[in-house]
Amino acid sequence: MSPALLTLVQGAIVVALAPLAPGLVRRFKAVLQGRQGPPTLLPYWTIATLFRKETVVSQSASWVFLAAPTAVLASSLLAACVLPLVSRGGALAPLSHLLAVSGIWMLGSVFLVLGGLDPGSAFGGMGASREMTISAFLEPALVVSLAALAIASGSPAVDAMMDVAGRGLLLRPWLLPAVGGLALVALGENARYPVDNPATHLELTMVHEAMLLEYSGPHLAILELASAVKLATFALLLANLLVPAGLLRAGAGPLAAAAAVPAAIAKLAVTMGGLALVESGMAKLRLYRLPEFFFGALFLGLTSLGIGLMAGFK
Amino acid sequence: MTAGQAVAAGLPGAALLWVFAAIAGLAARGPRVRQLAHALLAAGSASGLLASLAHQLAALPPLKLAAPPILFGAPFVVDRLSAFFLMLLHGVSLMAAWFGWRYGEDEAAKYPPRLVVPLTAVFCLGMHGVLLSSGAASFLLFWEAMSVSSFFLVMADGTADSRKAALLYLAVAQAGALALLVGIGVLGGGSARVTLAALGTGLPALPPASRTLALGLVAFAFTSKAGLAPFHAWLPEAHPRAPSQVSALMSGVMLKIAVYGLLRFTSICWPALPDGWSLALAALGLGGAVVAVISANIARDIKRILAWSSVENLGLVFAMFGFSALAGAHGHPRLASAILGAMFLHVFAHALFKAGLFLGAGAVLHGAHTAKIEDLGGLANRMPRLSAAMLALALAAAPLPPFGAFAAEWLLVESLLASFGTGELLLVAVGAVLLTGVAFLAGMAVFAMVRLFAFTFLAEPRSAGARLAAEPPAPLRSPVAVLALAGLALGVLAPWASPLLPIPLTRAAWTVSAPPAPAAARAATAAAPVSALPLALAAALAGALVCAWLAGRLLAPGRRVRRVRTWDCGQPIDATMEYTATGFSAPLRFFLRDIVTAEKHLVFSRVHPANPWITRGSMEFRKAAGAVERIYLPIAGFIEGVGARLKLLQNGVIQFYVALMLVTLMLTLWVAL
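Chains A and B are the protein sequences, given in the same order. Numbered according to the working numbering, the first sequence spans residues 1 to 314. Numbered according to the working numbering, the second sequence spans residues 1001 to 1673.
Chain B with its partners taken away, still in its complex shape (with noise of 0.2 Å):
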């Protein structure tokens, strides 16, 4: 069997094994037909992996599927960029179907299985299906089966805060959605049925004003989706909500479909993105990141944690694809597809630790049953192999070598240091903004990622959940230490990356002792093939571990070792009285206090009518007004202030309904004629 032959059964077979997995999860009324719907389930994402793998390392030209239903109107096209996002998301769901075969049965009162298994089939298929799709029809159609799947998802649980965050989700999703939908009726002048590579060759006939709004509401469409700050706020609070494996899946793979759709609208029509645009993706960005990797270190929730290091690293993504298209514009070609190369890179990275850490939450909620950090702590001797992966995932989180995600943060750094050498005064500002809130960015990854394993896992236990907590059950725990081994492998051979990537990895190599005349410029960002420092500084890492331990093994030679209380003053000390995480980031807080504000309000009633002086207190505390006080309510309440007034029409006068179809028929007949 050839390549394409692969990729031709692979693909389609995946899909079909889904609606399989789907059918068995609705029909199933006991265990037995559910672990059949997730072996279909693994069986599809196997089958579909080994077909994106094949495409990528056979290095396949763009392939058309087998022929489509009428209704999508045009073919399913796999091609390099949409391989690779398929190889992420067939990856990730294989590993979330191993941890579901168990997850779902054991947490089965929690999260009914005959709706999860169904659901998180469907929602596969959706982004599978938006990965193929070559028609505007079909990409709408699957993008939504996508969005409505993961709502369902998001509220698996039926409690009312659950409930809650998926209509914000659902509120934006639609939205996005809608933005989409006009987005692409103004490129493909109204007509359903138009290709997406289409949607770029009327784009030059367009007036100015249209071709804006299209770019504006494609944009929305894509970075709502992806978690792009403002429009960040459900993030948090949906992606914590559904099951663990399905978590996985929507921080893991279902972001990065935004952010494969922003890539494929613009590449076809606007592969020059106006510099406006460019810098506000960045600045977004990067801005968001910020405010992310801030919100982590405060969460209390772990898997809330997690989520609100996806927006970061998402953040931190769009600033690279923001400066990339910059360079791209301002004649660095090279520099533009080195950036982009280590924003691949960052994305697969993201994929493999981000997943490893929703399942590895999982995990732990199976095992303490609860994901509230400063109820956890002590589980590193409870779980010592689930606590080996998770530190791991933590690390490459972090970014720390070796893993992938430093790996791409090297490549980054070395491009920003090239943007340098370009001359070009608007490159080098925001190249230096870059490396600076890169190296933030960095540090306060650590700190979220070391708070999270730290309090999760180390210490003692803070509950009897915590306390009673045992290693979880093989296939929760192997999904997790698989992860992690791929984290790792990533970092390591990071350099031969290329042939999985959509684009080789190059780095910009960078000359600037001469100063730089702009022809010379060109030729300072040369393409340099990328250096195979990872793999020698993982190399050297490991060889110093050795150095370390022989040393600690040959100098003590004695190693008697005695198990005594923490020192405690003479006081027995417990759990109660540890560092928690909020103390742990509480210096953080007080020197970000310019952004992290928060607000406190002191009540104070009087315990009898008569007397002031003797009163009751109360003090709530809480962060101050972010994204959802200030922007999302007040668009709320615009929307329902309208809705208000329309009610005006139904006022239930018959001669009036009447006037107004009088009216409406003759506004349509003059529209029309």
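Just chain A, same shape as in the assembly (with noise of 0.2 Å):
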């Protein structure tokens, strides 16, 4: 398989199998509260129902409103695509620089944040405050913590750190605290627990929710699935630090990659029944203590940064 190919199979893994994620997290989380809980593939239809449905745009929206879920889905489409989640060495891998997967991120976010301020709902702005203080501050900690790592695989690209994952780790356990600090961003950046509230739409507390508020029909559906599409890539990029096997490699057969799909549904199923377990055994955070939460994200990115600079990087 060429890297090129490589790199489209894995965003076509990811894509697919980016519904599967909340489905999961949903039916962890059901089984751990004594509830039945929706069906799992539930996000697969309510993504294909929403497509179907009319568009209503609001009457206060202008372009911005449109053109937002493009370009928030393209922003988590590019990042399953460079990061290393079910293949490494892909054609665009080199693109994995933790500048460039920070900014395309940020990219994503900015473009939800205005379209949710665009319609003049007060919900949505209230949402998009919210959600553009936690991209901010979040910013350093994703930067900090990627760089630790960096310095331990000698290379500035997510792709290269997949060289220090797994048993890496256990040779240098300073790492950890910038795997944590990872996991840290991975739920801000996902509005889950303990900075948002995935399940509420009480207005109060939501923050995802909140910008998605005057979407409907096929925008709606893209935002869901660009919404699923990041939870997947962040969940399959710590599974793969924690664990980075069954990784395709150019060269792989068509077979290999038959095989990389379940193990990638593994990776998700655990990752999303440890965020199950986070989500039932804490309460979310107030706002006004989130900082502890990014400074704490922050810290734990310094501290493996730390210790790495001082240990000459071993």
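Not one of these hints is a red herring.
What the simulated footprint calls covered on chain B by chain A, stretch by stretch (three residues with Cβ under 8 Å from a Cβ of chain A suffice, anywhere in the stretch; the number is not a length):
1) 1530-1537
2) 1551-1557
Here's a subset of chain B near chain A, in silico, CB distances under 7 Å, partners left out:
3) Asn-1381
4) Ala-1439
5) Ala-1442
6) Gly-1443
7) Val-1446
8) Leu-1458
9) Glu-1460
10) Ala-1548
11) Arg-1560
12) Glu-1578
13) Leu-1588
Because the hints were derived from the structure by calculation, they are not lab data. All values derive from a computational prediction rather than experimental measurement. The beta carbon of each residue, even a glycine, is placed where N, CA and C say it ideally should be.
Join the two chains into one complex using the hints; note that each chain is given alone, in its own frame.
What follows is the structure, given as structure tokens:
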């Protein structure tokens, strides 16, 4: 398999599996909370149904509102193609540079925020204000955590960080706080507990949902898909940092590609199980307590970076 | 015509055309002659732009221009450094002249054109002269022309607030000019006819105290002009006051002229800047940038937000310069030049997007008659073309891919990671602090730019002015679009921008597998060609956008769109219920409340003197004391106090005056003999 094909295959697998991620976490949460819960594959049906519905657009909204879902999905898709999720060494792997990755995700957040503000609803404004704050404060934590991994792997590309993943983490235990910092960033970036409550429709607590409130039909389907892809991307990235097994390489045959799908599903299931545990085990933080979360994430990254620099990167 | 002839003709030609523009602007009584003046301004800029581009692209050696008047003592010289800044000056002034051609006429009642047009020409001429001067006297002369003309431009609208801001600006600018005069005096041994290049030769002979004094004075002169904290307080007051095309020149170019001055003087006098000074520059730059970017998130006037963003960007430039000097002084020349290259790319990108944003703010002001962000909104429906250009510029300023400032940040982060491979504690520690700081600044700048764009252009208009606004005419819109496209081109083609920059862009490669011994560390920061990643990222982003768009088109073929009111819970909503820009940044203000301290004043007065229970209350809420209250006002108070004491000398007793004259004569004789 050529590197270009590898990237395309990875993108296709991640997008195809993405709606499974929110489905799995809802299912696990229901089990943990003693409920029956919705079917695991419900997000697929939700997205398919939304694509068939008519589009309702606010009279206040401008072209930015209409363009935002496409830009958000593009950001999620690109991140899903460049990062080492199902494969390594794809054609776009050099673009997994830590600054490029943070820029790609930030572009998605920016357009989500602009789309939330455009209809002029106070709910959208509230969600947008909170989302922008979360993204802005998590940016240094993301960059510093990835920089700690970069000095260990010797390359700023996340793709190369797979060299120090798994067993490499045990050899360099000082990297573990950085992985923890990334996990906190993942919770914040994906609007999960303890930063946001993905199940709420209570306006005072919602962040992500508030921005989507005015979107309907295909626009909403695109945004739901984009957020599912982002969740799956973060989940697979964290899983691969801990267990970098089963990653496709250039030259792999179609059989290996077929085997990569169950591996990815298993990783998604385990990460989503962990997420369900986190979400069932703790309450959402008050908005005003969030700085502790942000600076906690940054501090974890800085701890790894500091120890790594003192140890001469061994 | 060879490139050399083009430069020799184009640069003096630009100055000459600008002189004519100033004369035409002064003489103009009607719009016809004023438009001729603007055409002359634009022609001068075009001539200078072509000449400086020819100089850079043909990689010419330093060129002496036509023989200067006797007054200046030293020839005018253009080299790679000054040609780079000339390119920024002429590029931005071309756009400003294009914009001002229409804006100046439409806003003639607010900004008297007989004042603005000639002063703009003199202002540009001053910056042009500073960049070309090789003699200290002409450098100072043009520096003053630049300062004084921009002082008058700041108060062009004649309001009391503008006059106050202009006077603050004048005070700082004149203190800086005085410091520069004394600094050059110390360095040049008191001669006014010394060339800049000769300033460095006498330096080893100077006593260390004089050397430090001269360094401090020169550094103060340039950093105060460029708005480095804590000398920045004038900048967000003065820059927004000028007409928008002048604001674009001040923020986009004049700040860079100060950076040019610092680069020129340090390269001549202090090729190896002492560590303390490099560290101070880096620390003040980063610290000032953090304060400025937070202020940009609090400001409520779009031009003021842009001015704070300029303080932030220039702070980042100084941090890069300081770190580059530090790396150079510690024997890592390749790392130093890689960071310096990133700095020049950032300066370039900032000139483009900041000029574009200020011109766009002028177009908004022209259409909506207000720059208060709380009174704007809804302009994306009313000015779709301008809003598209402004969105691109806001993303460029954020800095986000695929724009120029992001490419500069990319190179900077690569260099900071490379500095970790040097194995020198100082470089590693400063690099780690800068990496964290740059990431924090990036997040906050995104916040500020999203706030600027969203609350100007999105949702429902919050005032009658914004509601009645329409798409600005093409001469106001086009320069903004051109600058947005230029910023995009710079971002996409950044790896090939080296021919335009004073030094080629390089990448400090880093290998960190081996424990870095001092000798191995030198090898570790080998120069490597800049990767084509910005282009690849831009292409990948474009590809992803096309895929996402196609997905939307193919999966939702029906595409019925129904327009209804925003969901309103059954109670019609209007613009007063929208989130405001102040509300948008409320979580940020709360989270950073240790930095953004506010003072709350509660005043209660009794309604009836005998009844203590019924009171009338008022609350005042303002940002706590900043640099103005803590630094500027005490200094002003001290000078006023000294002045009051000196008044004692003027007591009207003639015998006392005669005695003073006698004492002065004796002192003079004693000093002279």
